[in-house]
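Colleague: For the record, the sequence lines run as chains A and B. Add 51 to the 1-based position in the first sequence for my numbering, that's all there is to it. Add 62 to the 1-based position in the second sequence for my numbering, that's all there is to it.
I should point out that these hints are in silico values taken from the structure, not numbers from a laboratory. Fair warning: this is a prediction, and the values are worked out from it, not measured in the lab. Where a beta carbon is used, it is the ideal one built from N, C-alpha and C, also for glycine. Please note that a few of the clues may not be correct.
Said to hold, decoys possible - 30 Å max Cα-Cα, derived DSSO-like pairs, lysine-lysine:
1. Lys291(A) to Lys143(B)
2. Lys121(A) to Lys152(A)
3. Lys121(A) to Lys85(B)
4. Lys165(B) to Lys291(A)
5. Lys166(B) to Lys144(A)
6. Lys143(B) to Lys144(A)
7. Lys104(B) to Lys121(A)
8. Lys165(B) to Lys176(B)
9. Lys104(B) to Lys127(A)
10. Lys144(A) to Lys232(A)
11. Lys128(A) to Lys165(B)
12. Lys166(B) to Lys176(B)
13. Lys143(B) to Lys152(A)
14. Lys232(A) to Lys208(A)
15. Lys143(B) to Lys158(B)
16. Lys127(A) to Lys98(B)
17. Lys255(A) to Lys232(A)
18. Lys232(A) to Lys212(A)
Stated by the list, open to error - Now the stretches of chain B that chain A is said to cover, found in silico as 3 or more residues with beta-carbon under 8 Å:
19. 65 to 77
20. 87 to 98
Here is what each chain is made of, one letter per residue.
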Amino acid sequence: MQERRRTEKIKKEGSYTEELASRLIEELNCDTVFTIPIFGGMEVSESVVVTWIIMAVLALISFCLVRNLKIENPGKKQLILESAIGFLNDFFKDLLGEEGKRYIPYLITVIIYIGIANLIGLFGLKPPTKDLNVTAALAIMSIFLIEYSGFYKKGLKGWLKSFAQPVPVILPINILEIFIKPVSLCMRLFGNVLGSFVIMELIKILVPIAIPVPLSFYFDIFDGLIQAYVFVFLTALFMKEQME
Amino acid sequence: MLRLDWNLVFTIINLIILYLILKKLLVGPVTGIIDKRQAMIKAQLDNAAEKEMQANNLKEKYEMALLHAREESNTLVENAKDRAKAEYEQIVEDAKKEAFRVKKEAEKSIAAEKENTVRELESQIADLAITVAEKMLTDQTGKRVEHDVTLYDQFLKETGDTNAADIH
Chain A
52 MQERRRTEKI
62 KKEGSYTEEL
72 ASRLIEELNC
82 DTVFTIPIFG
92 GMEVSESVVV
102 TWIIMAVLAL
112 ISFCLVRNLK
122 IENPGKKQLI
132 LESAIGFLND
142 FFKDLLGEEG
152 KRYIPYLITV
162 IIYIGIANLI
172 GLFGLKPPTK
182 DLNVTAALAI
192 MSIFLIEYSG
202 FYKKGLKGWL
212 KSFAQPVPVI
222 LPINILEIFI
232 KPVSLCMRLF
242 GNVLGSFVIM
252 ELIKILVPIA
262 IPVPLSFYFD
272 IFDGLIQAYV
282 FVFLTALFMK
292 EQME
Chain B
63 MLRLDWNLVF
73 TIINLIILYL
83 ILKKLLVGPV
93 TGIIDKRQAM
103 IKAQLDNAAE
113 KEMQANNLKE
123 KYEMALLHAR
133 EESNTLVENA
143 KDRAKAEYEQ
153 IVEDAKKEAF
163 RVKKEAEKSI
173 AAEKENTVRE
183 LESQIADLAI
193 TVAEKMLTDQ
203 TGKRVEHDVT
213 LYDQFLKETG
223 DTNAADIH
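Full structure from sequences and hints, please.
Modeller: Here you go:
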């Protein structure tokens, strides 16, 4: 009798953990929203659709904000907008210097996009940065920009020579860096967002009331913004390194 | 979750489009307006500096002019003072001369008057003397005194009693 009850209990617990695992996996998985029926079916995942939503919202917001900008007597809205963009602009300008001015709009775009993408979980959508495709795309764009900035600054010859600097011995390391840098950028962002997402989901499943609130501030908001900052900061730093 | 597929390409395309959108709609206009404002502020500051320089120049000029005016007025006053002094001295001198002249004239006229008076007196005295002499000569009786000596003595006796005592 007791034996039976015990096995039942174990079974019950097992089914709990199984249920928890399946819920987690469901949360983690990026669903395919629809499939474009060419090239053998291109599956468009949730992250891409959420990115479209972010793009649409950003375009709409910036379109609304940028109307009626005045040189003299700017309104409160314009002052906030200006100080925000001015802050980002100055931040990147300090990092990149005068010669990196042309890359600033892209970096501002990326920090805004990653920041919103990391925070969009608060609105019930799945963060696109939880999808490896998105972080990989961001990292590929970054490494392309990093190498391009060096190429643009030094010309083809100088760019090729820079791989053998400061001493030719580290040439293989420098070549490896082309792959290491984006992989580290990609994995750092992906890992952080995924990790905080998993932790938050676990906490929410275990204690659904009160406890998740302060932790959500840390894992969802703080960590998300820090990762956006780190991503563009490192990209800008690598670009500066390339341009030297 | 851990798969790389077409979505990577989609995301890259999305990023490029988002970059273009934000550059066109957000970053471009805002930094443009900031730059424009900075340019405007710089222009205004330059303008202000220029105005200040002009004002300073004008101020210097006016101060110079004021200084000149003050100097001029000083010299004018000085000149006037000098002239007044000279005139004053002239007038005093003239007055002195005039006074001297008048005094001289007065003295002269007084002297003349005196002389005149003396002369008149003399003539009067002479007349008196004659009258007296006549009176003496005629005497109480109305008779003419014949003797000269008597006449003389009589005269002396009548006019200079005291003197006669000294002489004798």
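Colleague: Determine for every hint whether it applies to the structure shown.
Modeller: Now the hints, each set against the structure:
no.: 1; hint: Lys291(A) to Lys143(B); verdict: 83 Å, violated
no.: 2; hint: Lys121(A) to Lys152(A); verdict: 24 Å, holds
no.: 3; hint: Lys121(A) to Lys85(B); verdict: 19 Å, holds
no.: 4; hint: Lys165(B) to Lys291(A); verdict: 114 Å, violated
no.: 5; hint: Lys166(B) to Lys144(A); verdict: 108 Å, violated
no.: 6; hint: Lys143(B) to Lys144(A); verdict: 75 Å, violated
no.: 7; hint: Lys104(B) to Lys121(A); verdict: 17 Å, holds
no.: 8; hint: Lys165(B) to Lys176(B); verdict: 16 Å, holds
no.: 9; hint: Lys104(B) to Lys127(A); verdict: 23 Å, holds
no.: 10; hint: Lys144(A) to Lys232(A); verdict: 22 Å, holds
no.: 11; hint: Lys128(A) to Lys165(B); verdict: 105 Å, violated
no.: 12; hint: Lys166(B) to Lys176(B); verdict: 15 Å, holds
no.: 13; hint: Lys143(B) to Lys152(A); verdict: 77 Å, violated
no.: 14; hint: Lys232(A) to Lys208(A); verdict: 22 Å, holds
no.: 15; hint: Lys143(B) to Lys158(B); verdict: 22 Å, holds
no.: 16; hint: Lys127(A) to Lys98(B); verdict: 18 Å, holds
no.: 17; hint: Lys255(A) to Lys232(A); verdict: 34 Å, violated
no.: 18; hint: Lys232(A) to Lys212(A); verdict: 19 Å, holds
no.: 19; hint: 65 to 77; verdict: holds (count 12)
no.: 20; hint: 87 to 98; verdict: holds (count 10)
In this structure, the earlier hints numbered 1, 4, 5, 6, 11, 13, 17 are contradicted, and the remaining ones agree with it.
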